[in-house]
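Novice: Chain residues, written in single-letter form:
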Amino acid sequence: MSRQVKKRSRKTGLPPGSLIHIGDQLIEKTKITVFDYDESHIQEKEIRAVGECREYKNSPTVTWIHVEGLHDTKVLEELGTIFGLHALTVEDILNTDQRPKMEDFCEYLYVVLKNFHNHTEESKEITSEQISIILGPQFVISFQEKETGMFTPIRERIRNGKGHLRKAGADYLAYALIDTIVDNYFTILEQVGELIESLEESLVKNPSTKTLQAIQNLKRDMIFLRKSVWPLRETISGLQRTGCKLIHASTNIYLKDIYDHTIQVIDTIETFRDMLSSIMDIYLSSVSNRMNEIMKVLTIIATIFMPLTFLAGVYGMNFKYMPELEWHWGYFFVWGVMIIVAISMLVYFMKKRWL
Amino acid sequence: MSRQVKKRSRKTGLPPGSLIHIGDQLIEKTKITVFDYDESHIQEKEIRAVGECREYKNSPTVTWIHVEGLHDTKVLEELGTIFGLHALTVEDILNTDQRPKMEDFCEYLYVVLKNFHNHTEESKEITSEQISIILGPQFVISFQEKETGMFTPIRERIRNGKGHLRKAGADYLAYALIDTIVDNYFTILEQVGELIESLEESLVKNPSTKTLQAIQNLKRDMIFLRKSVWPLRETISGLQRTGCKLIHASTNIYLKDIYDHTIQVIDTIETFRDMLSSIMDIYLSSVSNRMNEIMKVLTIIATIFMPLTFLAGVYGMNFKYMPELEWHWGYFFVWGVMIIVAISMLVYFMKKRWL
Amino acid sequence: MSRQVKKRSRKTGLPPGSLIHIGDQLIEKTKITVFDYDESHIQEKEIRAVGECREYKNSPTVTWIHVEGLHDTKVLEELGTIFGLHALTVEDILNTDQRPKMEDFCEYLYVVLKNFHNHTEESKEITSEQISIILGPQFVISFQEKETGMFTPIRERIRNGKGHLRKAGADYLAYALIDTIVDNYFTILEQVGELIESLEESLVKNPSTKTLQAIQNLKRDMIFLRKSVWPLRETISGLQRTGCKLIHASTNIYLKDIYDHTIQVIDTIETFRDMLSSIMDIYLSSVSNRMNEIMKVLTIIATIFMPLTFLAGVYGMNFKYMPELEWHWGYFFVWGVMIIVAISMLVYFMKKRWL
Amino acid sequence: MSRQVKKRSRKTGLPPGSLIHIGDQLIEKTKITVFDYDESHIQEKEIRAVGECREYKNSPTVTWIHVEGLHDTKVLEELGTIFGLHALTVEDILNTDQRPKMEDFCEYLYVVLKNFHNHTEESKEITSEQISIILGPQFVISFQEKETGMFTPIRERIRNGKGHLRKAGADYLAYALIDTIVDNYFTILEQVGELIESLEESLVKNPSTKTLQAIQNLKRDMIFLRKSVWPLRETISGLQRTGCKLIHASTNIYLKDIYDHTIQVIDTIETFRDMLSSIMDIYLSSVSNRMNEIMKVLTIIATIFMPLTFLAGVYGMNFKYMPELEWHWGYFFVWGVMIIVAISMLVYFMKKRWL
Amino acid sequence: MSRQVKKRSRKTGLPPGSLIHIGDQLIEKTKITVFDYDESHIQEKEIRAVGECREYKNSPTVTWIHVEGLHDTKVLEELGTIFGLHALTVEDILNTDQRPKMEDFCEYLYVVLKNFHNHTEESKEITSEQISIILGPQFVISFQEKETGMFTPIRERIRNGKGHLRKAGADYLAYALIDTIVDNYFTILEQVGELIESLEESLVKNPSTKTLQAIQNLKRDMIFLRKSVWPLRETISGLQRTGCKLIHASTNIYLKDIYDHTIQVIDTIETFRDMLSSIMDIYLSSVSNRMNEIMKVLTIIATIFMPLTFLAGVYGMNFKYMPELEWHWGYFFVWGVMIIVAISMLVYFMKKRWL
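Residue numbers (this note's numbering), protein chains in the order written: chain A, 155 to 509; chain B, 155 to 509; chain C, 155 to 509; chain D, 155 to 509; chain E, 155 to 509.
Isolated chain A (complex conformation) (with noise of 0.2 Å):
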C-alpha cells in the first residue's frame, strides 16, 4: 500500500521549489541519452556531464534527451537552468506521486504520466512509475525514475530512419513517447483480463478464501489504475486544446487517437471493475450455499437419528412391566418401525429436493 501515500511529509514545510526527490533510489547512477537527428543526419550518445546537453538547446534538429533515474537533484537543477525550466516544474519532475497532468509555460509544454508495471514475483500488485515529458520548439526531454527498455522500439524507428518519425518535428516524436506509454496500458489490462478469467474458473472450481484475497487485490489494482488513468483523459484533451505553437496541427489527429485509446482504457478498467464487483457476488453466494448445504447435511442426519436413537433409549428403560420387551419378534419389529422412519425422512427430503 506504500503506493498509496509516497512520503510526501518530508517536504512540510519547506518553500515552494525545494529540489527533493520523493520516491525510492531505483537505479545506480543517472542515466542521460541523447539523439539528434532530422531527415538526412542521426547522432546517438550517453551523456556524462550534463553540461554537454547545452549545445543541442538551439539546435535546428531535434533533440531527444532522456533521463533515467531521479534521485540526483544536481543533475536535473542543472538541465533546468539550460532549458529555462520553471523551478516548479523540476520540483514537480522530482515529486513522483504527481497526477497526469500538462501545463503549458509558453516557451515549452511539461506532461506527466504514469507508466505501469504488472505483477512481478517480488511484489503482488501493479506498481507505477512517474514519467514527465518537456516538450520545446526543438527539444523533447524525458524523465523516467527505472530503467526500462520500453522506448527501445522508437530508439529503433530513429535509427532505422523510416516512417514518418524522422520526418516529423519535436512534437510529433513526444506523441510518440505517450502513444507508447498509452499502448503499454493495453498490455497491463490484457493480463488483469486473463487473471480474472482464471480466477471465475477458479471460482467455479474450488472457492477459497485465498480468492477472496485476489478478488480484492485485484478490486485495489483497478482503484490505483483509475485514479492515474482518469486525469489522463483531461491530459490529452488539454494537449489538443492548448492553442500553444508547440504542438502542430497535423499533430493532433494523432493526439485524438491517443485519446480514443485513453477512453478505451478507462472503459476497460470501470468494465473489469463491474466484472470484479459480480465475481464477489458469485464468491459470497458460493459461500452462503456452502453453508446451505452444511446445513442441510446437519438436519438430514440429526432428524433422521434423533427419532431413531429415541426409540432405542425406549426400549432402554428399565420399567418392571413393558410388554413389548417380553414380544419374541420385538426386536425385529423395532428395528422394523426404525426403518420405516428412517425410509420416509429420507422420502420427505426427496420431495423437499435437499437430497
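Treat the hints as calculated values from the structure; they're not laboratory data.
In this text the structure is predicted, and so the values were computed from the model without any measurement.
Chain B side only, calculated, beta carbon under 7 Å to chain C, not exhaustive:
#, residue
1, 411
2, 421
3, 428
4, 432
5, 439
6, 446
7, 453
8, 457
9, 460
10, 467
11, 471
12, 472
13, 473
14, 475
15, 476
Simulated pairs of lysine to aspartate or glutamate, EDC-like, Cα-Cα distance not exceeding 20 Å:
#, chain 1, residue 1, chain 2, residue 2
16, A, 211, A, 231
17, B, 255, A, 414
18, A, 410, B, 246
19, A, 183, A, 301
20, A, 255, E, 411
21, B, 278, A, 351
22, A, 505, B, 447
23, A, 410, B, 258
24, A, 506, B, 447
25, E, 381, D, 344
26, D, 211, D, 198
27, A, 410, B, 257
28, C, 316, D, 231
29, E, 278, D, 428
30, D, 364, D, 354
31, C, 255, B, 424
32, D, 474, E, 478
33, C, 278, B, 348
34, D, 183, D, 231
35, B, 364, A, 435
36, D, 364, C, 447
Heads up, the beta-carbon is just placed ideally off N, CA and C, and yes, glycines get one too.
Fit chains B, C, D and E to the known structure of chain A by using the hints.
Specialist: Frame of chain A, contents of chains B, C, D and E only:
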C-alpha cells in the same frame, strides 16, 4: 471474456498507421460488392480486384461499396489509397475494438458502430462485430467483419427502387445502414427481455445455482452492451451537429430519429440492469429463506426429541432404588408424559408460525 | 414485463416512415371527436370519415380533434396528409414505445407523453399508454390508445364556457391536456403511497415472502414510472424554451407550473424508491432476526438437554462396580444434579439476554 | 407517511388557478398581523377584515403582512386581488406540497420555503409546513400554515428599532425571515445529531429491533429533509442572480450568507445519511456476530457432550461378553476417559479462540 | 460527534453580524503577533493592545498579523474596524463551522480553511480548527483557534530572509500560509494510510469487533475530511480566477500548484474510502467464513456421533430376545461397525473438502 480485451498488445511498439487486424479471421475471403445507382439506373456487381473500385470514386451517381472480412490488410490499404482515406482511419477499421465514434475528415466522415450477435449454441454470450462506414460526397464504403445478411433489406430497397432511398443521396444511404444496425439492437434486447422473463419464472419455481450463473451472465451481457451503446449517443449527436456538408439538412431529421432510438436502447439496458439486480435480490433472499426453512426443520426435530430422549435415558438408569420402575403402569405413564411434551412443543411452534 | 420491450422487431428492416402500430389493439374501432370553439360559439361532433376534418384545418376558431384507438393506420395516414404531418411524426404516433419528447416542426409542435393506469384486478403492474399531441396554429390533435374518460373534465370546461379555456388559443388547450395527464400522475402516486404504507404495516405484523414479492413489484413499478417520467422534464422545459410562435408568452407561465409538477413527481418517485429500499432492508433484517430466534431456541434446548442426557446415560451404564447405583437416594440425588444443571443453564441464558 | 403525498388528487381535473387548500386546517381562524415601519415610526396591528390591508399597498413605508392559517381561501383570494398577485401564485400558496422555489413576477418576487417541526410526543417524524413570502416594492407578505412564535425575534427587532432592520428596505425584511427559517434548520439538525449519537451508544450497549426501527425512521427523516432542502440552494441562488430591482445590491451579500448556510445544511444532511448507513452496518454486523456467538455456544456444548454421551451409551449396551464391565475400576476409568475427552475439546476451542 | 454540528443554535434569532464565537475556548488568552518586513528590513513583535495594529494598516511594507484564540470577540471587532472588514466577515471568522470558501470584498480577500489535528490519546477522531486568512493590499491577517507551531517554518523563512518570500508581496505570504495548511493534510493522510495498513494486517491475523469499530471510525474520519476538503478545490480555483488585483499574475502559478495538491488530497481520500469499503467486505466475509467453520465442526461431530450413539442405544435395549447380545464377539463386532461408520463419515467429509 475474450471479448473484453482484444489482443491489442500485438500492436505495442509499432508506429501509428501500422495495419494489423487485431480480431480473428471470421470469413474465408474478403468479399466486396458494389451498388451504383441513381433514381433512374442501378448497377450491382461483385468485385474481384480492388482496383475496379477506382472508377466509382468520382462517379456522379451514388456508390455503395460493401466489404465483408477484414483480415486481408492489403485490400483495405488499396481501398484507402483509392478513396483518399487517412492512415489512421484504415488502422481504426482494422482495430476492431474501437468504441463507437464519428470522425469528420472534411473530405469524408468516418463512423464506427458495433453490431451484436445474440447467444447461440456455440457461445453463451452476446458477441459483437465492428462495422465501419465511410461517407464520402457521392459514395458510402462499409466494412464488416462477418458475412451476415443484415443489409439484405437495404439491398432489396435499392433494387426495387421504391421509397426514398434511390432518390436521396449518399448520406441517406449511410443513415439507412446505421438505422438497420440500431434496429437490430431492439431485436437483441427483446430476446434478452424474454430470457429475463423466463429467469424470473424459473426463480419462483426452482431456484438453483444455475439461475445465479444465468443472472450473472446476463448482467455481464448488459455491461458489455452498455459499454458499446453508450458512446453511440455521442456519435449520432455528433453526426447531427457536424457542420460538414456531406450531410444534408433533410437527412438531419432522420438522424434525430436514430438518436431517439439510441436513447431508448440505453434506457432499456438500464432497465434490464435494474431488473437483474432485483432478480438477484430475490434469489439471495430465497436462498436465505431456504436456510431458514432448513434450520426450522432441524430445530423442530431437535426440540421435540431431545427432551423425550432425555426422559427415556432417565428410566434407563440402573439405580437400585427407582420407585417409578416398580409401578405397574409406569411405562405407559412415561409414554403419556412424552406425548404431552411432544404435543406442547408442536403447539408452541404453531403459535410461533413455524409450522 | 411485456411493457418493457414492445415488439419493435416487427419493424426491423423496413424503411423509415413505414406505418405499423406496434402496440396491441385496445379498442374496437377508432373514434374521432371534434370540438370547434371560440369565445362565442362551440361545435362538438363525432366524425365518421376522416375527410370531414379537412374543413377545420384553416378555420379561424380553435379546433380539437381527439383520436382514440391507433390500430387503424389508414385513418392516421389520412389525418397526417390533411394536416401536413411529417411521415416520421405519424410513425412515432404509432410506435407506442416512444420516450416522452417534444419536436418542433415549425408548422406544428409534436409532443409525446405517457399516461398511466394503475394496478387493476387483471394486471398487477402499472401499465402505460402513449398520448400524442399535435399543436398547430389553430388546432390541437390528440391521439390515445385506449378510450378513457380522462379528458371529460376538459370537455366540460369547453362546453360550459367558463374560465380561461374558451378565451385562450390552441396552445392553452394543449397545456390543459398535458396538465390533466400530469395531474393524473399524482393520483397514481397517491395510490402507490398507500400501498407502501400498508406494506410497511404488514411487514411489522407478519413478514412473508409475499411481502418480498410485493416490494419487488413496487420497485419495478418505480423503475418503470421513472423511465417514463424522467424525460418529461426535458420535454416540458423544451416547450418553454422553444422559439416557436405557436406558444404564446402568456402560456409560458402555465408550462412553468407543469414543469414544477413534473419535478415534484420525479421527487416523489425517488422518495418512494428510497423508502422501498429501506423497507427491503427491514424485511431482510427481520428474516435474519427470525433466523437468530430459531437458532436461539435450538441452542437453548440443546444446551439444556445434552448434559442431562449425558448424565442419564452415565447411570445407564452396566459396570459391575458403580457405587452411586447402590446408594439409596442416588436416583433422587441425580435428579437434583440435573435440575441444578438445567437451572444454571437457564440463568446463563437470562444473563446473555437470550430469554 | 402522509407527509409524502398530500391529497393533490382533490385537484385533478380542475382548471389551473382553482383555489383549494390541500393541507389540513391547523389553526382555528386565519390571523393577519401588520407591521408598518420606517426608520422613525412604527405601527403594529392585527387585522380583522382583509380590506384594511389595501391602504398599505402603496404606502412609502415598509409593510409586513403576516398571515397564519391557510384554510380560508377567500381571505387569500382577496389579498391576492389587493396586491395584484397572479392566480397561480395564490394557488401555489395554498398547495402546501410545493418544492422550495423562487419566481420572479417582475412586480413581485414569490418565494416558497419549508419550515420543519421536530419529533414531538404526538408524531414520531419530522413534519414540515410551507411558508410563502411575497416581496413587493415596499411590502412583504408572509403566509404560514400554523401559528408558531418563530418570527417573534424579528418582531422584537422591529419594535426596539435597533440594528439594521428598521433602516433597510422590504428586501432586507424578506432576507431576515428567510434567515430565521434557515437558522431553524440548524436547531432541527442539532437535535437529530443528538439522536444519532444516543442511537450509537445504545447500539453498543444493547442492540435490538427497536434500534433498527429508529435508524430507519431517522433515515426517512433525512430523505424527507433532503428533498425539501436541496431545492432551497437553487432558490437562494436564484434570488441572488435575479436581475429584479426589488433586491438591492447591499442585500445580496446577506443572501450569499444564507446560501452558505443552506449548503452547510445540505452537507450536514449528507453526513448524517452516511453516518446512519454506517450505524446500520454496525447493527447488521452485530446481529450476525450474535448469531456467531449463539452458534459457538451450541457447537461447544454439542461437541463436548456428543462423544461423552456416546461413550456412556457404549457401556450401557447389554452384550453378554463386555470385558470392561467386569473390571473393578472400569467405571472410574470411563469417567477418566470422559474428562480427558472434554478437556481436550475445551483446549481445542481455546486454540481456535472460541472461548 | 460533537464536531458534526456545532452549537449554532446559540445564534438562532439574532440579527446577522452578531458576534458570538460558537466553538470552544481552546486557548487562555488571545495572542497577536506581527511581522512587518520588506526585502531589506524586518520587525517582529507581540502585541498587547489591538490598537497597536493601526499603524501597519497603510505601511508600504508587508505586514502579517497572526491571531491565535478566537473567544475574545472584542479583539476581533476592533481589528475588523481598523482594517475595514465587513461585519459578516468578522462573524464568519467566529463561526468556526464554516465550509472552506473564498470571498472577494474588493478591498480584501477572505479565505476560510480547515486545519486538521490527528488522533491523539484524548480524542479518537480527527479534529479540525478553522483558519481564516484576510489578504489586503499590503497586509495578511490570519486567525487560528488554537496555538500550534504550524506556521513556525514560515516565520523562520521570513526571519532568515532567504528565498522568494521576503522579496514577494502579501499575496505570496498568503499563498505560503495556505500551502503550509495543505501540506499538513498530506501528513494526516500518511498517518491514516498507515492505520489502514495496520488494520488490514490485524484483519488477516485476528478479526474482532474492535477491528469493525476501527474501520467505522476511519470511515467517519474520511467522511469528515472529505466534507472539509472538497470545497477547498472550489476555493483555490476561485482564488485563481478572481479578477482581483490583490493577487499578482506571478503568484497564480503557485496557486495552480496548491490546486493540484488539493486534488491529490481529494483523490487520496476517495482511495481510502474505497479501501475501507473493501476492508469492510473482507471483515464481513471473514465473519461469515468463521460461521461456516463453526457449522462445519458442529456438523462433523454430530454426523459422526449421532449414528454411533444410535447403535449403542440399540444394543442397550432390554428386549428379551436379541440374538446379537448372545454372540461372544458381539461387543467387538459392534465396535468394528462403529469404527467403520466413523471412518466412512470422515472419508465423506474429506471428499467434500470439509477437513
